[in-house]
Amino acid sequence: MTYTAEQVLDALREATRGTEYEGRLYLVGGFVRDKAMGLPSDKDDIDLVLEGDALALAHFLHECGVAQHHPVVYPRFGTAMVVVLGRDVELVTARVESYAADSRKPDTVKPGTIAEDSQRRDFTINTLLERLHTEEVLDPTGKAFDDLRDGVIRTPAEPRLTFTDDPLRMMRAVRFAARFGYEIEPATWSAIQDAAPRLAIISRERIRDEFCKTLMTGRLTLGMELFRTSGLLQEFAPELLEMVGVTQNEFHAYPVWEHTMYALGSLPPDASLVLRLSVLFHDIGKPRTRTEDEAGRIHFYSHQNVGAQMARELMGRLKFSNDEISAVTRLVGEHMRIGEYKSDWTDAAVRRLIRDLGSNLTELFAIHRADVSALSNDHQDMSRAISLRERIAEIESREDISLLTSPLDGRALMKLFTRPAGPWLGVIKDYLTNEVIEGRLAPDDTIRAAELAREKYGDTTEPS
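So that you can map any letter, position 107 of the sequence shown is 107 in the numbering used here, and since no number is skipped, the others follow by simple counting.
Please keep in mind that the hints were generated in silico from the structure rather than gathered at the bench.
It is possible that some hints are incorrect.
List of simulated lysine to aspartate or glutamate pairs, EDC-like, C-alpha gap at most 16 Å [claimed, not checked]:
no., residue 1, residue 2
1, K35, D139
2, K35, D147
3, K110, E51
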């Protein structure tokens, strides 16, 4: 059974009613903010702040049976994590912090008041408090309700101090601006521009997470523009800035960066992270491949291949998963395939496209649609994609493309050639798979497959 946040809060209210914690325990953060904005508040994260010892509260909740497991405590920071009705609840001691110059983790922590605690938080809109037992909402900075009403991202403390203490908050400012369509207050924006180089002390994984959360908002192009103009993009993905100001040929209405932003903006709200990343990176290779011929015509030969390698390097640096890197680089590298389609393609060519893209084929069509939508009006032609979809549907209605693979696996080939495993296996399997795709070899014809393999590679030691 999955319990709602309100059920978890009810359990906490009941456990602490009549104790020393009643009256000093507050909900804080996104949960309270979203409720104040009229947004769904059943978030995964439930954060509570206590004017008192949060570690003692965590142990109390475990001893009285409300917390299901022993709490995970962080004495240095006065925080603890407990599990109540299967959901994580973070308990935080109201505190005052100071930071070392080379770290986003507090150097010194001491207990403080609720008012003092609000000053250490990232933005005023996240400082609202709700008394756990009475549900009274407090605005300790006196600015949160105004900034929610006016649509403003502002730090509760002096912004340069806020971003010096924790530079990741600069990326969070962009994410909240993109999520809610808010403006970043001028002093806060100026501080971000000044402090952008401090992003260097943040782990690549945390930067990646904030970057992806921003891409998944409904205003991802706003987020990307804020990353660019703030100087933050220079710190974690400078390759993307190479697109700025790069002009294109007559097929395009915009330079490369603007074209990419228009393409991103055309994606549907339910677009996956892989699709969003693929559209963002689809033309990243153009600046490095741009040429002009004697007639002044602009070309970007092999930009998809260069772009795929650039995307691989960028995503690897930001510690994306291997699966995400594989999918995005495949889509970037293949994003021109649909536009290159012609009616005289053989069935084998269409089969190869289906097999090469696999589960990413639908996303390839989505990238093509986004790309075309950002071309000049005279070139927004989807007829090739429509025709290719019809060809694919017709072929898939009579063939199972997943069966188009080498009839002989690695073990069979090692036995056939009496050789140990090595790169040669992939070469021969690719050759046999291609014969199947071309229709010259049945997927289950192991005898003919062995004959073909021997004919082509039987007298060589290293197939190539």
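Keeping to a limit of 16 Å between CA atoms, is the pair of K35 and D147 held or broken? Roughly 15 Å separates the two Cα atoms, so the pair holds.
Taking 16 Å as the top limit, are the C-alpha atoms of K110 and E51 close enough? 12 Å, holds
So if I understand the rule, the pair passes when the alpha-carbon distance is 16 Å or less; does K35 with D139 pass? 14 Å, holds
Hint compliance for this structure: every hint is met.
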